[in-house]
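Assemble chain B onto chain A, guided by the hints.
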Amino acid sequence: QVQLQESGPGLVKPSETLSLTCDVSGYSISSGYYLGWIRQPPGKGLEWIGTIYHKGNTYYNPSLKSRVTISIDTSKSQISLNLSSVTAADTAIYYCARTGVLRYFDWLLVVGAHDAFDIWGQGTMVTVSS
Amino acid sequence: DTQLTQSPSFLSASVGDRVTITCRASQDIRSYLAWYQQKPGKVPKLLIYSASTLQSGVPSRFSGSGSGTEFTLTISSLQPEDFATYYCQQLNRQSLFGGGTRVEIK
Numbered sequence: 001q002v003q004l005q006e007s008g009p010g011l012v013k014p015s016e017t018l019s020l021t022c023d024v025s026g027y028s029i030s031s032g033y034y035l036g037w038i039r040q041p042p043g044k045g046l047e048w049i050g051t052i053y054h055k056g057n058t059y060y061n062p063s064l065k066s067r068v069t070i071s072i073d074t075s076k077s078q079i080s081l082n083l084s085s086v087t088a089a090d091t092a093i094y095y096c097a098r099t100g101v102l103r104y105f106d107w108l109l110v111v112g113a114h115d116a117f118d119i120w121g122q123g124t125m126v127t128v129s130s
Numbered sequence: 131d132t133q134l135t136q137s138p139s140f141l142s143a144s145v146g147d148r149v150t151i152t153c154r155a156s157q158d159i160r161s162y163l164a165w166y167q168q169k170p171g172k173v174p175k176l177l178i179y180s181a182s183t184l185q186s187g188v189p190s191r192f193s194g195s196g197s198g199t200e201f202t203l204t205i206s207s208l209q210p211e212d213f214a215t216y217y218c219q220q221l222n223r224q225s226l227f228g229g230g231t232r233v234e235i236k
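Here the protein sequences line up with chains A and B, keeping their order.
Anchor point for the first sequence: position 102 equals 102 in our numbering, and the numbering is continuous, going up by one each time.
Offset between the second sequence (1-based) and our numbering: plus 130.
Keep in mind that the hints were calculated from the coordinates and are not lab data.
Where is the CB? At the ideal position from N, CA and C, for every residue including glycine.
Take these hints with a grain of salt, some might be off.
[To be verified] Not close to chain B: a few residues of chain A, all C-beta gaps over 12 angstroms, as computed:
hint, residue
1, 11
2, 15
3, 44
4, 87
[To be verified] Among chain B residues calculated to face chain A with C-beta under 7 angstroms, some are:
hint, residue
5, 162
6, 176
7, 179
8, 183
9, 184
10, 187
11, 188
12, 217
13, 225
14, 227
15, 229
16, 230
17, 232
Isolated chain A, as found in the complex (with noise of 0.2 angstroms):
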């Protein structure tokens, strides 16, 4: 079955970058599903802060684009994600989420509308701290 493992350190300094990656099994990634990043901190709710088609095309959240990059690698069938100048405020749980609909195209590109997220990994606690 598909499965979704994210992996990286627990721990990121402030001002440091947070490296990320996702690795994906059960599926190939090269096939025409979205894959995305979103965040929880602890306490709060959900923030989605990227996806990315396996073309390579990437979305992000306004509020975030600034500080992130996604990007994927369909030889390793992992996709990454790099959020710079961390502060305390980035300290969250992580999910890396697969979207449920088979695309042959950009659709989000091309239509402007998401896919909701199906299939999501465990998630991995990052925290920022000195």
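For chain B alone, kept in the frame of chain A given last:
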């Protein structure tokens, strides 16, 4: 940018109650809305997408309705396993989650 307001933020209900949660968008998002359930310490679970389409495997007591700017998630008869936090997510142009509704046992 579209704002998303979910209400109530907290509700207390009994097993068997009919529960309704509302999500309002500040502009027309057509039917581009999803609902998720999250239990403490667990991963969010997709319940409904396209405002009213039940995700496979989700019990039929869950239903979604609405389009444009006002949407509702209804649980027809609350079960013990339904006590959780529920989030709406708008999917038009920019993805955005609502603030969440925590459903607790009365």
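Could you work out which earlier hints the structure fails to respect and list their numbers in ascending sequence? 3, 8, 9, 10, 11, 17
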